[in-house]
Amino acid sequence: MAVRVQEADFDIGRELADLTAGNHAIGGLGVFVGLVRDIAGGEAVSAMSLEHYPSMTERQLAEIEAEALARWPLEASLIIHRVGDLMPGDNIVLVACASAHRQAALDATAFLIDWLKTKAPFWKREETPEGARWVDARESDDAAAARWSK
Amino acid sequence: MKLMYFAWVRQRIGTASETVDAPAEAATVEDLVAWLKTRGPGYAEAFRDTRAIRFAVNQEYVEPTHPVAAGDEIAFFPPVTGG
Chain A
557 MAVRVQEADF
567 DIGRELADLT
577 AGNHAIGGLG
587 VFVGLVRDIA
597 GGEAVSAMSL
607 EHYPSMTERQ
617 LAEIEAEALA
627 RWPLEASLII
637 HRVGDLMPGD
647 NIVLVACASA
657 HRQAALDATA
667 FLIDWLKTKA
677 PFWKREETPE
687 GARWVDARES
697 DDAAAARWSK
Chain B
8 MKLMYFAWVR
18 QRIGTASETV
28 DAPAEAATVE
38 DLVAWLKTRG
48 PGYAEAFRDT
58 RAIRFAVNQE
68 YVEPTHPVAA
78 GDEIAFFPPV
88 TGG
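Line order of the protein sequences matches chains A and B. Counting from 557, one number per residue, gives the positions in the first sequence under my numbering. Counting from 8, one number per residue, gives the positions in the second sequence under my numbering.
Honestly, I wouldn't trust all of these hints.
Straight-line C-alpha distance at most 25 Å; calculated SDA-like pairs for lysine to any residue [as the list claims (entries may be wrong)]: (1) A:Lys675 <-> B:Gly47; (2) B:Lys9 <-> B:Val69; (3) A:Lys675 <-> A:Ala581; (4) A:Lys675 <-> B:Met11; (5) B:Lys9 <-> A:Asn647; (6) A:Lys675 <-> B:Thr45; (7) B:Lys44 <-> B:Glu80; (8) B:Lys9 <-> B:Ala77; (9) B:Lys9 <-> B:Thr45; (10) B:Lys44 <-> B:Pro71; (11) A:Lys675 <-> B:Ala59; (12) B:Lys44 <-> A:Trp690; (13) A:Lys675 <-> B:Asp79; (14) A:Lys675 <-> A:Asn647; (15) A:Lys675 <-> B:Glu37; (16) B:Lys9 <-> B:Thr57; (17) A:Lys675 <-> B:Pro74; (18) A:Lys675 <-> A:Trp628; (19) B:Lys44 <-> A:Arg689; (20) A:Lys675 <-> B:Val69; (21) B:Lys9 <-> B:Glu37; (22) B:Lys44 <-> B:Leu10; (23) B:Lys44 <-> B:Glu67; (24) A:Lys675 <-> B:Met8; (25) B:Lys9 <-> A:Trp628; (26) A:Lys675 <-> B:Pro30.
To be clear, the hints were calculated from the coordinates, so they are not data collected in a lab.
Produce the entire structure from the sequences given, and follow the hints as far as they go.
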């Protein structure tokens, strides 16, 4: 169970191998990777920067992860979120959950990314031909997170 | 108390954090916002529509009616957009 916030890129293959290494109770691994797109709201995006609130980020991500552990029988989980300056195609976030069976692994992964998107204090700023702009929060993200409250 | 600002709230106010001695009548987050708005045009602009702002006291989300006290770390920021 681990949460990391870092400027550096991550190696998806190595992270997943490390996550499951030595634990043969794991039968399924759910993974979500978020990447920087080169278009948003119909406008070209040439770069992105990510700001966060370090002490609160750690606390929120740890709480979200603890909630996932309480809901699903997970053998391992990992959240890595990058901050700083990113380019289209770059990795932003990795969420992975391992369990004995696929349903818990996939559901817990979806839960973690849905909650992270609405609770973890990160803010994206995009560079576009019209200038830099802060990304607006989306109502669809709130709806995605709300489905786990039922 | 320590105040922290993020994203466009930080840009409009022009600083990332500051330590202030708020007046005694600033007993809640919304009272504190009302006082901050009087501190200059950047603050007034940042807090013009408080429905667009989220609040955290000591790293936990709170409602505008939440009490504040000396020694608290209070953060103001737009809805989050990570992931």
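Verification of the hints:
1. Simply put, lysine 675 (chain A) and glycine 47 (chain B) have alpha-carbon atoms about 30 Å apart, too far for the 25 Å limit, and the pair is violated.
2. Between lysine 9 (chain B) and valine 69 (chain B), the direct Cα distance comes to roughly 16 Å. Compliance with the 25 Å bound is thereby established for this hinted pair.
3. Of the pairs offered as hints, the one joining lysine 675 (chain A) and alanine 581 (chain A) is violated, with about 31 Å between alpha carbons and a cut-off of 25 Å exceeded.
4. About 17 Å separates the Cα atoms of lysine 675 (chain A) and methionine 11 (chain B), which keeps this hinted pair within 25 Å; it holds.
5. Restraint check: the Cα-Cα separation between lysine 9 (chain B) and asparagine 647 (chain A) comes to about 33 Å, which exceeds 25 Å; the hinted pair is violated.
6. Proximity of lysine 675 (chain A) to threonine 45 (chain B) is assessed by CA-CA distance (about 30 Å); at most 25 Å being required, the pair is judged violated.
7. Proposed proximity of lysine 44 (chain B) and glutamate 80 (chain B) is supported: the alpha carbons are some 18 Å apart, at most 25 Å.
8. Only pairs whose Cα atoms come within 25 Å are accepted, and lysine 9 (chain B) paired with alanine 77 (chain B) is accepted, the gap being roughly 8 Å.
9. For the hint pairing lysine 9 (chain B) with threonine 45 (chain B), the CA-to-CA distance comes to about 18 Å; that is within 25 Å, so the pair holds.
10. Between the alpha carbons of lysine 44 (chain B) and proline 71 (chain B) the distance comes to roughly 15 Å, so the proposed pair stays at or under 25 Å and holds.
11. The suggested pairing of lysine 675 (chain A) with alanine 59 (chain B) holds, with an alpha-carbon distance near 15 Å, which does not exceed 25 Å.
12. Using a Cα cut-off of 25 Å, the hinted pair lysine 44 (chain B) and tryptophan 690 (chain A) holds, with the two alpha carbons roughly 22 Å apart.
13. Among the hinted pairs, lysine 675 (chain A) with aspartate 79 (chain B) is consistent with the structure: their alpha-carbon atoms are about 20 Å apart, no more than 25 Å.
14. The hinted pair formed by lysine 675 (chain A) and asparagine 647 (chain A) meets the criterion: a straight-line CA distance of about 20 Å does not exceed 25 Å.
15. Distance hint between lysine 675 (chain A) and glutamate 37 (chain B) is fulfilled; the C-alpha atoms sit about 21 Å from each other, no more than 25 Å.
16. A hinted pair counts as satisfied when its Cα atoms are at most 25 Å apart, and lysine 9 (chain B) with threonine 57 (chain B) qualifies at roughly 19 Å.
17. About 21 Å separates the Cα atoms of lysine 675 (chain A) and proline 74 (chain B), which keeps this hinted pair within 25 Å; it holds.
18. As the CA atoms of lysine 675 (chain A) and tryptophan 628 (chain A) are separated by approximately 20 Å, the hinted pair is consistent with the 25 Å bound.
19. A C-alpha spacing of about 24 Å is found between lysine 44 (chain B) and arginine 689 (chain A), which places the hinted pair at or below 25 Å, so the restraint holds.
20. The hinted pair formed by lysine 675 (chain A) and valine 69 (chain B) meets the criterion: a straight-line CA distance of about 12 Å does not exceed 25 Å.
21. Pair hint lysine 9 (chain B) plus glutamate 37 (chain B) holds up; C-alpha atoms about 16 Å apart against a cutoff of 25 Å.
22. Only pairs whose Cα atoms come within 25 Å are accepted, and lysine 44 (chain B) paired with leucine 10 (chain B) is accepted, the gap being roughly 14 Å.
23. With a C-alpha separation of about 23 Å, the suggested pair lysine 44 (chain B) and glutamate 67 (chain B) falls inside the 25 Å cut-off, and the hint holds.
24. With a C-alpha separation of about 24 Å, the suggested pair lysine 675 (chain A) and methionine 8 (chain B) falls inside the 25 Å cut-off, and the hint holds.
25. Proposed proximity of lysine 9 (chain B) and tryptophan 628 (chain A) is contradicted: the alpha carbons are some 38 Å apart, above 25 Å.
26. Using a Cα cut-off of 25 Å, the hinted pair lysine 675 (chain A) and proline 30 (chain B) is violated, with the two alpha carbons roughly 31 Å apart.
Hint check: violations occur at hints 1, 3, 5, 6, 25, 26; the rest are consistent with the structure.
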